[in-house]
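Colleague: Use these hints to put chain B onto chain A, whose structure you have.
Sequences listed follow chains A and B, in order.
Quick note on numbering: this note's numbering labels position 376 of the first sequence as 1096, and the sequence is numbered without any gaps.
Quick note on numbering: this note's numbering labels position 62 of the second sequence as 1395, and the sequence is numbered without any gaps.
Since the hints were made in silico from the structure, they are not lab data.
Using N, Cα and C, we set each Cβ at its ideal position, and we do this for glycine too.
Any given hint could turn out to be false.
[What the hints assert, rightly or not] Only some residues are given here: those of chain A computed to face chain B with a beta carbon under 7 angstroms:
id	residue
1	Asp-904
2	Ala-905
3	Arg-906
4	Ile-907
5	Pro-908
[To be verified] List time: in silico SDA-like cross-link candidates among lysine to any residue, alpha-carbon distance up to 25 angstroms:
id	chain 1	residue 1	chain 2	residue 2
6	A	Lys-901	B	Thr-1339
7	B	Lys-1410	B	Ser-1385
8	A	Lys-901	B	Arg-1433
9	A	Lys-901	B	Asp-1429
10	A	Lys-901	B	Arg-1444
11	A	Lys-901	A	Arg-918
12	A	Lys-901	B	Gln-1335
13	A	Lys-901	B	Leu-1413
14	B	Lys-1368	B	Asp-1420
15	A	Lys-901	B	Ala-1426
16	A	Lys-901	B	Leu-1376
17	B	Lys-1368	B	Ser-1381
18	A	Lys-901	B	Ala-1447
19	A	Lys-901	B	Val-1441
20	A	Lys-901	B	Ile-1377
21	A	Lys-901	B	Leu-1448
22	B	Lys-1410	B	Phe-1356
23	A	Lys-901	B	Thr-1341
24	A	Lys-901	B	Met-1334
25	B	Lys-1410	B	Leu-1428
26	A	Lys-901	B	Glu-1442
27	B	Lys-1368	B	Leu-1428
28	A	Lys-901	B	Asp-1425
29	A	Lys-901	B	Val-1440
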Amino acid sequence: MTGRRRRPSRDRAVTDTVGAAITQVAREESGRVLALLAARFDDVDLADDCVQDALLQAVETWSTHGVPDNPAAWLYAVSRNRMIDQLRRRAASRRRLAASASELIPESDPRPGTPLVVDDREIGDERLRLILLCCHPALDRETQIALTLRLVGGLSTAEIAAAFLVSESTLAQRIVRAKRKIRDARIPLTIPDDLDGRVGAVLGVLYLIFNEGYLARRSPSSLVRVDLADEAIRLSWQLVDLVPDDGEVRGLLALELFHRARFVTRTDVAGDLVVLEDQDRSLWDATMIDSAREVLGRAVTLPGVGVYRIQALIAAVHMRAATSAETDWPVIVDLYRMLERIDPGPVVALNHAIAVAMVDGPERGLHLLDAIDGLVDYHLWHAARGELLARSGDLGGAVAAFGRALELAENPAERRHLRRRIDQCSPSETDVEE
Amino acid sequence: MQYLLTITVDESVPGPQPGDEGFDEAAAAWAGYGKALAAAGVLIEGASLTPSGSATTVRLTLGHSPTVTDGPYVEAKEQLAGYYRIDAPDLDAALDWAGRIPLPFGVVEVRPVALFAADDGTPTPAQS
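Here chain A stands alone, though its shape is the one from the complex (with noise of 0.2 angstroms):
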């Protein structure tokens, strides 16, 4: 870098102060405050709009006075002062609305009786109400994804639309259509009585983010995506302050942790994919994993049994074992037959028959594979064929799975960990060798 494209060192650490402040501010205060005002004014759309501008606004604000020592009662009362003016500046339009052309007033005039006067202590559970809106089941799934990211995560636009590859236009207009879906169809900011329904909606979103995470299909550059997987799991904290007695909140939670607790060993130096058996559990994150087993623990005890416990559980069992080879394999197959009976599918099916193989040899690990309908398409059927197949001495068949498993796969990461095993088992490379 050259002196001359250098900035002066004190700006510099200025704008970054304030910018952390901001990301902070943004991701842990805003869902709430945005939830408070919506609850309190009955609109969304306006409520997102104020908490925007606001954060707009403090990084003109804070650069030159400072960073506030409060962020978050800041933002909540520049926010607040917003909306009380918009709404204002609405009921004096509707009033010069009403006077020159009253046949124009819609018929649900959206309570106009509204108090603007906010008591900002009461919290209560406007976040959880607001996770539930944004998971509605009236939502498209990409909808309640980008919009739980947007409107609970804090993040903006732009960043989810980094993180799933769409365009920032895309995703602007479905978050616009869903804001209006929310006001034309009277989506309801209430806690359903059914909230065990609505929950299961809502950890639905959580895992499909944490799983973009986790595996970044659509990152081209990596592996993981450190950032969602760890927005998934502050997003899950907060659901288990929202709702503590539920078991799968919570296996969620552990299920995240033990699996963030590996990320860092799941690339190499190189940013190659490498599987569980070859990482180095030493360099797992020891604290994480001590974490993810307390709030597995008690949601255990928590009546009921799921998916999301059940996997965690599977977690745990791999993160138990001090080297690859002591893995409880046993305990896992019975993990997984359990999750078979409450949540069949052939992706369990073939999570089943690989621990199987590991039990049981992998001819008996096959059979199971090749049994499972509708995998054709989905590259890690391929791939675990070509591990077994590989393993039961049949090199040639091996390479044949893994090429189609190539064909499908899209990260390049495992495309490399796929080309590498053609490599490793194709017969003219040993041939070479020998």
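Modeller: Below, chain B alone, put in the same frame as chain A:
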């Protein structure tokens, strides 16, 4: 807020007709549903339609006289069979009512009704 619940069913699987086994139970279920809507004060109106074979479609094109064709506006296995117009506080309430429609299988679309007050105060459909 008003919502229109449109009920779409596969006409190739006819429901029980008067005299058939199960007809009385089905009729009682529909009557019960209607009563429940009315008792909750949400029912505005509702109707069951004759099968789509009885439909005639009129297509309007600016500058041309209307064309009239035999059959429903779209050929599909599933066809509009009836509707309810209800007044519900929000979408969740409307979805709850939709989920209680006593059909063994079928599709219910829930759409908010857009209304404007006309000069005499009667609701008329929006021009959109």
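Colleague: All the hints need checking, so say for each whether the structure fits it.
Modeller: Hint-by-hint comparison with the structure:
no.	hint	result
1	Asp-904	6 angstroms, holds
2	Ala-905	5 angstroms, holds
3	Arg-906	5 angstroms, holds
4	Ile-907	5 angstroms, holds
5	Pro-908	4 angstroms, holds
6	Lys-901(A) x Thr-1339(B)	18 angstroms, holds
7	Lys-1410(B) x Ser-1385(B)	10 angstroms, holds
8	Lys-901(A) x Arg-1433(B)	23 angstroms, holds
9	Lys-901(A) x Asp-1429(B)	18 angstroms, holds
10	Lys-901(A) x Arg-1444(B)	10 angstroms, holds
11	Lys-901(A) x Arg-918(A)	19 angstroms, holds
12	Lys-901(A) x Gln-1335(B)	15 angstroms, holds
13	Lys-901(A) x Leu-1413(B)	24 angstroms, holds
14	Lys-1368(B) x Asp-1420(B)	15 angstroms, holds
15	Lys-901(A) x Ala-1426(B)	16 angstroms, holds
16	Lys-901(A) x Leu-1376(B)	23 angstroms, holds
17	Lys-1368(B) x Ser-1381(B)	15 angstroms, holds
18	Lys-901(A) x Ala-1447(B)	13 angstroms, holds
19	Lys-901(A) x Val-1441(B)	18 angstroms, holds
20	Lys-901(A) x Ile-1377(B)	23 angstroms, holds
21	Lys-901(A) x Leu-1448(B)	16 angstroms, holds
22	Lys-1410(B) x Phe-1356(B)	23 angstroms, holds
23	Lys-901(A) x Thr-1341(B)	22 angstroms, holds
24	Lys-901(A) x Met-1334(B)	14 angstroms, holds
25	Lys-1410(B) x Leu-1428(B)	24 angstroms, holds
26	Lys-901(A) x Glu-1442(B)	15 angstroms, holds
27	Lys-1368(B) x Leu-1428(B)	18 angstroms, holds
28	Lys-901(A) x Asp-1425(B)	13 angstroms, holds
29	Lys-901(A) x Val-1440(B)	20 angstroms, holds
Comparing the model with each numbered hint stated earlier shows that all of them hold.
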